[in-house]
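> For reference, the chains in residue letters:
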Amino acid sequence: MLEPIHVALGSLNIATLAPMLIAIVGALSILIIDLAKGGLHKSLYVMIALLFLLLDLGALVDFGGVFLKNGTILGFFDVMLMDGIAILSQIIIVVGSMLFIPLALTSKRFHEYDYPEYFALFMFMIAGFQFMVATDNLIMIFIGLETASLALYTLIALHNRSKSFEAAVKYFTMGALAAGFYAFGSMILYAISGSVEINQIATIMAEDHYRNIGYVLLSMAFMIAAFGFKLSMVPFHTWTPDVYEGSSAALAGYMSIVPKIAAFVVAMRLFEFLVHSGVAWLQVILYIGVVVTMTASNIWALVQSDVKRMLAYSSISHAGFVMAAILIGTTQSNTGLFLYWALFSFTNLGAFTMLWVNRQKNLIAGQSSDHPYEKFSGMVKTMPMAAVMMGLFMLSLAGIPPFGLFWGKMYLIGSAVSSGYTVLALIMALNSAIAGYYYLKLIVFMFMKEPIVGYDQYYFMNASLSLKTIIGIAAVGTIFAVFAVNPLLKVITLFVYNSGY
Amino acid sequence: MAITLTHYLVLASVLFVIGLIGVMRRKNLLMLFFATEILLNATNIAFAAISHYIGDLSGQMFAFFIIAIAASEVAIGLGLLIVWYKRTGKIDLDQMNSMRG
Numbered sequence: 001m002l003e004p005i006h007v008a009l010g011s012l013n014i015a016t017l018a019p020m021l022i023a024i025v026g027a028l029s030i031l032i033i034d035l036a037k038g039g040l041h042k043s044l045y046v047m048i049a050l051l052f053l054l055l056d057l058g059a060l061v062d063f064g065g066v067f068l069k070n071g072t073i074l075g076f077f078d079v080m081l082m083d084g085i086a087i088l089s090q091i092i093i094v095v096g097s098m099l100f101i102p103l104a105l106t107s108k109r110f111h112e113y114d115y116p117e118y119f120a121l122f123m124f125m126i127a128g129f130q131f132m133v134a135t136d137n138l139i140m141i142f143i144g145l146e147t148a149s150l151a152l153y154t155l156i157a158l159h160n161r162s163k164s165f166e167a168a169v170k171y172f173t174m175g176a177l178a179a180g181f182y183a184f185g186s187m188i189l190y191a192i193s194g195s196v197e198i199n200q201i202a203t204i205m206a207e208d209h210y211r212n213i214g215y216v217l218l219s220m221a222f223m224i225a226a227f228g229f230k231l232s233m234v235p236f237h238t239w240t241p242d243v244y245e246g247s248s249a250a251l252a253g254y255m256s257i258v259p260k261i262a263a264f265v266v267a268m269r270l271f272e273f274l275v276h277s278g279v280a281w282l283q284v285i286l287y288i289g290v291v292v293t294m295t296a297s298n299i300w301a302l303v304q305s306d307v308k309r310m311l312a313y314s315s316i317s318h319a320g321f322v323m324a325a326i327l328i329g330t331t332q333s334n335t336g337l338f339l340y341w342a343l344f345s346f347t348n349l350g351a352f353t354m355l356w357v358n359r360q361k362n363l364i365a366g367q368s369s370d371h372p373y374e375k376f377s378g379m380v381k382t383m384p385m386a387a388v389m390m391g392l393f394m395l396s397l398a399g400i401p402p403f404g405l406f407w408g409k410m411y412l413i414g415s416a417v418s419s420g421y422t423v424l425a426l427i428m429a430l431n432s433a434i435a436g437y438y439y440l441k442l443i444v445f446m447f448m449k450e451p452i453v454g455y456d457q458y459y460f461m462n463a464s465l466s467l468k469t470i471i472g473i474a475a476v477g478t479i480f481a482v483f484a485v486n487p488l489l490k491v492i493t494l495f496v497y498n499s500g501y
Numbered sequence: 001m002a003i004t005l006t007h008y009l010v011l012a013s014v015l016f017v018i019g020l021i022g023v024m025r026r027k028n029l030l031m032l033f034f035a036t037e038i039l040l041n042a043t044n045i046a047f048a049a050i051s052h053y054i055g056d057l058s059g060q061m062f063a064f065f066i067i068a069i070a071a072s073e074v075a076i077g078l079g080l081l082i083v084w085y086k087r088t089g090k091i092d093l094d095q096m097n098s099m100r101g
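Chains as they are written, first to last, in the numbering used here: chain A, 1 to 501; chain B, 1 to 101.
Simulated from the structure, these hints should not be mistaken for lab results.
Incorrect hints may appear among the rest.
Which stretches of chain B does chain A cover? Using the computed rule of at least three CB atoms under 8 Å from a CB of chain A, they are [said to hold, decoys possible]:
(1) 23-33
(2) 67-79
(3) 91-99
Some chain A residues well away from chain B (every beta-carbon gap over 12 Å; in silico) [said to hold, decoys possible]:
(4) Leu28
(5) Ile143
(6) Ser186
(7) Gly194
(8) Ala206
(9) Val279
(10) Val284
(11) Pro401
(12) Lys441
A quick note: this is a predicted structure, and the numbers were derived from the prediction, not measured.
Don't be surprised by glycine CBs; every beta carbon is placed ideally from N, CA and C.
So here's chain A without its partners, still in its complex pose:
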């Protein structure tokens, strides 16, 4: 007969669940409101989602204060782990989501926003991502990852075009395979260490001096495959352009930011203790992965004829660029990762929102995709302001000073140089130069070419006040990043350093 176990409620530290619970309560209240009175306008659900995200952000900022005073907060038998990188990444996740959700208030009617379930699933997805980053328990990471991914597949499919179903099915099959890889990789880690917590696994492995290094490397191969799918590292990137093309532009922009920062944080927790312990094999694999991802996706982006696919390949290249931070693994590079991603989320969401406002209901005659380059030709003559905005986001993505991403790129390349990765820094710089070509190609189309008669009716078809506001916020974030970089860096360094990365 087992003795009943008594657990003091205080020792659970339930407060560590607060940010995720707020998102879940938001999702449930959206569902309950729909049950009580159906057929309400989507703006109500957008506002409820925004409200709960704001509360979520407040809770996170509060946790940030507690973290800086008392250090890492543990809860639920050490399953929940609120350290600096968990708090930082959750802030990026929630802010990215807050910038995304007003994009539902389009002037055209879209199928998915008629369902309150869309917003509920969206909030569940955020809770999933938050669970994924705020733990170092392999079980919890798996659950968070899958909660978020399953919600995301549904969100893609709700767009109700045959391309979006195709995208959802492709993403689903890839995601299911990645889940299998993740489960098998963590099984091997469990077999050699008898624990499912990353920090304990690291301690046990260091104690027996990496006796089982062959098995560790095997499990890391599976983990790299699993997170390669989620982070769209080459050669696991094949789904990315198709999925981005098939889903709505707004969701594609969201997918290029929020799921990836969550996966980056988990990759950081998993790989860095091995990189630090001098496991050369993992370093070599990550090195090759980073270089190939950056270079190959840049070359594919050059030959795209559709702006959305070009942006999809460019976001793969940016992910490879940031993955270099995990390879380098110093405090400076990890700080650079968060700085880069914070700046990238503004710029990239702005670029995708520009596609979203120019979204037409049906395909342009004679074109097979929504946003061919020709659609934007001569845009400066018909829509000067929009062309300038799009040009601004493109220049920032290309890393032209003084716009946002330049500072992120500079800091990351600087961290590569200062930890001795000179060749890597050179490759990173060269890739930024190659990437400049395809961003400038769009600028050339917008500013140098003559407008094609009849295409101007496709501009701003989908625009509304809230979409324009989001573009404005993204533009302000991109232009004035130069003033924000220094204080941002101070805060991020404080958080990253104090959580030991």
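Assemble the complex: chain A is given as a structure, and chain B must be docked to it using the hints.
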């Protein structure tokens, strides 16, 4: 012959490889879902066996969560499959080629 942990792990690895080959080779979506189930359940066997041999319960907990996640994954997958079938009348992965480049 006594059955040891190694036997279970070999069984799990063989099943995993069968599932992996299934995911890569199968063009029928339904068969592909079966293959992912085999993939995840192979891991379950290994988790349960390891957990029993080292006397730690967290592996069995992991197995339970994998079962739950596999079930919800199939629920979503079949939902997508049904919509896709209603639209096109096919469940073949090779037919999904409207996007290229």
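> Which earlier hints can't be squared with this structure?
5, 6 and 7
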